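Asks: This is what each chain is made of:
Protein chains: 2
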Amino acid sequence: MSYTKKSEEKNRVALLVQYDGSHFNGWQIQNKGRTVQGEIEKALEVLLKEKIRTTAAGRTDSGVHALGQVIHFDFSKDISDISLQKLCISLNGILEKDVAIKNAYIVPQSFHARFSAVQREYLYIVYNHPQRNPFIIKRAMWVSYDLDMNFLHNISQYFIGEKDFASFCKKESTEENTKNTVRRIDEFEVTKNKEFIFFRIRGTAFLHNMVRIIIGTILDIYNKNKFPGYVLEILEQKDRNASGKTAPAYGLYLNQIIYDPPLSAMKSAYLS
Amino acid sequence: MSYTKKSEEKNRVALLVQYDGSHFNGWQIQNKGRTVQGEIEKALEVLLKEKIRTTAAGRTDSGVHALGQVIHFDFSKDISDISLQKLCISLNGILEKDVAIKNAYIVPQSFHARFSAVQREYLYIVYNHPQRNPFIIKRAMWVSYDLDMNFLHNISQYFIGEKDFASFCKKESTEENTKNTVRRIDEFEVTKNKEFIFFRIRGTAFLHNMVRIIIGTILDIYNKNKFPGYVLEILEQKDRNASGKTAPAYGLYLNQIIYDPPLSAMKSAYLS
Numbered sequence: 007m008s009y010t011k012k013s014e015e016k017n018r019v020a021l022l023v024q025y026d027g028s029h030f031n032g033w034q035i036q037n038k039g040r041t042v043q044g045e046i047e048k049a050l051e052v053l054l055k056e057k058i059r060t061t062a063a064g065r066t067d068s069g070v071h072a073l074g075q076v077i078h079f080d081f082s083k084d085i086s087d088i089s090l091q092k093l094c095i096s097l098n099g100i101l102e103k104d105v106a107i108k109n110a111y112i113v114p115q116s117f118h119a120r121f122s123a124v125q126r127e128y129l130y131i132v133y134n135h136p137q138r139n140p141f142i143i144k145r146a147m148w149v150s151y152d153l154d155m156n157f158l159h160n161i162s163q164y165f166i167g168e169k170d171f172a173s174f175c176k177k178e179s180t181e182e183n184t185k186n187t188v189r190r191i192d193e194f195e196v197t198k199n200k201e202f203i204f205f206r207i208r209g210t211a212f213l214h215n216m217v218r219i220i221i222g223t224i225l226d227i228y229n230k231n232k233f234p235g236y237v238l239e240i241l242e243q244k245d246r247n248a249s250g251k252t253a254p255a256y257g258l259y260l261n262q263i264i265y266d267p268p269l270s271a272m273k274s275a276y277l278s
Numbered sequence: 007m008s009y010t011k012k013s014e015e016k017n018r019v020a021l022l023v024q025y026d027g028s029h030f031n032g033w034q035i036q037n038k039g040r041t042v043q044g045e046i047e048k049a050l051e052v053l054l055k056e057k058i059r060t061t062a063a064g065r066t067d068s069g070v071h072a073l074g075q076v077i078h079f080d081f082s083k084d085i086s087d088i089s090l091q092k093l094c095i096s097l098n099g100i101l102e103k104d105v106a107i108k109n110a111y112i113v114p115q116s117f118h119a120r121f122s123a124v125q126r127e128y129l130y131i132v133y134n135h136p137q138r139n140p141f142i143i144k145r146a147m148w149v150s151y152d153l154d155m156n157f158l159h160n161i162s163q164y165f166i167g168e169k170d171f172a173s174f175c176k177k178e179s180t181e182e183n184t185k186n187t188v189r190r191i192d193e194f195e196v197t198k199n200k201e202f203i204f205f206r207i208r209g210t211a212f213l214h215n216m217v218r219i220i221i222g223t224i225l226d227i228y229n230k231n232k233f234p235g236y237v238l239e240i241l242e243q244k245d246r247n248a249s250g251k252t253a254p255a256y257g258l259y260l261n262q263i264i265y266d267p268p269l270s271a272m273k274s275a276y277l278s
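Protein sequence lines, in the order shown, are assigned to chains R and V.
Letter by letter, the first sequence follows residues 7 to 278 in the working numbering.
Letter by letter, the second sequence follows residues 7 to 278 in the working numbering.
Chain R with its partners taken away, still in its complex shape (with noise of 0.2 angstroms):
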């Protein structure tokens, strides 16, 4: 097969992407509007001479940030022709400044940005505090009312474990995979740092729109003064009215994507 062997002669090569989602349409190329793969791969393009097409580990919605986006493209070039730091530096050189290349690894054909991830990871940031905070416009969820850390680790174990997350994903997604809506989520550690809570959850696979209900249903459960487990009853229904609204995209960040072997593992531009 021709396209076997075309992709073979071709080098690949990851790279971990931070970006601050405000002023994209999200990750995605569309027709309209300005996106973090379409700067991206104009930007390969300009330095690599030649037709790029990326593919990332989470493709972000408008408005979603990310602290460790990971994508990957392949490229003709000779691979010793090129050096991952100096990659890193002209795409940086490039980009306007609210996307940055923080390292570039070299890495097999078999290695797929979104397919031999193993778990993910997302942060939910939300600002706890009765006056809005002139900082975090676009950067966290204001909540002015006092949420209760207690309640928050409490009810975060309800979410821990493989579930059938329904309920949690938008209506009318569409994303493939969607019929099956089963996911494990591994970690989710809720944690104060004075104003500021973060919401730590690691699984392995998220529906569209997972956290943001999931973060959304936790405060409304605590608003109408309902107990932890009643996440439970909302798992059971199945139906994405049972649970509560979906918290802005503003507060979102694709924190990290998890490899084995890790990323940290292969050549890099930089020592992680």
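Be aware that a few hints might be false.
Any copy, or any two copies together, can satisfy a pair, since identical chains are not distinguished.
[Unchecked claim] List time: in silico DSS-like cross-link candidates among lysine-lysine, alpha-carbon distance up to 27 angstroms: (1) 144 to 200; (2) 103 to 48; (3) 185 to 92; (4) 230 to 177; (5) 103 to 251; (6) 200 to 273; (7) 92 to 144; (8) 200 to 92; (9) 16 to 38; (10) 48 to 144; (11) 144 to 103; (12) 198 to 103; (13) 198 to 144; (14) 38 to 169; (15) 92 to 230; (16) 57 to 244; (17) 16 to 83; (18) 57 to 230; (19) 55 to 230; (20) 55 to 38; (21) 57 to 185.
Worth flagging that the hints you see were computed from the coordinates, not collected in a lab.
These numbers were taken from a predicted model, which means no experiment stands behind them.
Based on these hints, arrange chain V on the given structure of chain R.
Replies: Quick look at chain V alone, frame taken from chain R:
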């Protein structure tokens, strides 16, 4: 004297204010451009239905941020007619999202935001990483080379005490009192949290651009491989040409103003 009498009839309120300085031409009202003072006085007039003039503890330059600016103003209305909480909420409702009133205090006529301040504290934030960070645009200074925390700690100690900071004052400063360039720095602490370095500097008062020139000079001495003690030679010269570059405004935050008795001892909208 009618002026004194009129003044005694008035009531004085202090406000704790935060702002992201990115889209402001500094604190002080000018002929052109958006200023924090201008926005707050406009909002106060709308609310109190009289011309209000505010005084700030520290007049921040264009691009400089505030986490704990304190201002005061007088008004004629009966103080008992005004709920401090409502005042905060209403002001925040009128003001744009990059300014926030965090608290309000009823203070005696003898209180003056600027002259009653016994100490001022600034924070300078450096992002120390080979690649830039999309989330710190206009919020921190990016330093790509590796900074040594021991060096930073050692050099910071040379600034502590009462000294003539003429070498660390903007040339042709328009501020009053710059004939006397003796100031006292009481605390200078350098801490690191992940890739962020925080320079926290507290003193009685500061000359124009003093903190920014101190930071720029520290980086300069580090880059030129000079000893931390070189600070003493620069101080000795009492000449702006002896010190280093002025670090960018966007890394600087007016962190805290200290009064004696403290604002927390006054009747306030919110407990602090």
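Asks: So which hints don't hold here, by number, going up?
Replies: Of the numbered hints given earlier, those the structure breaks are 3, 9, 14, 16, 18, 19, 21, listed in rising order.
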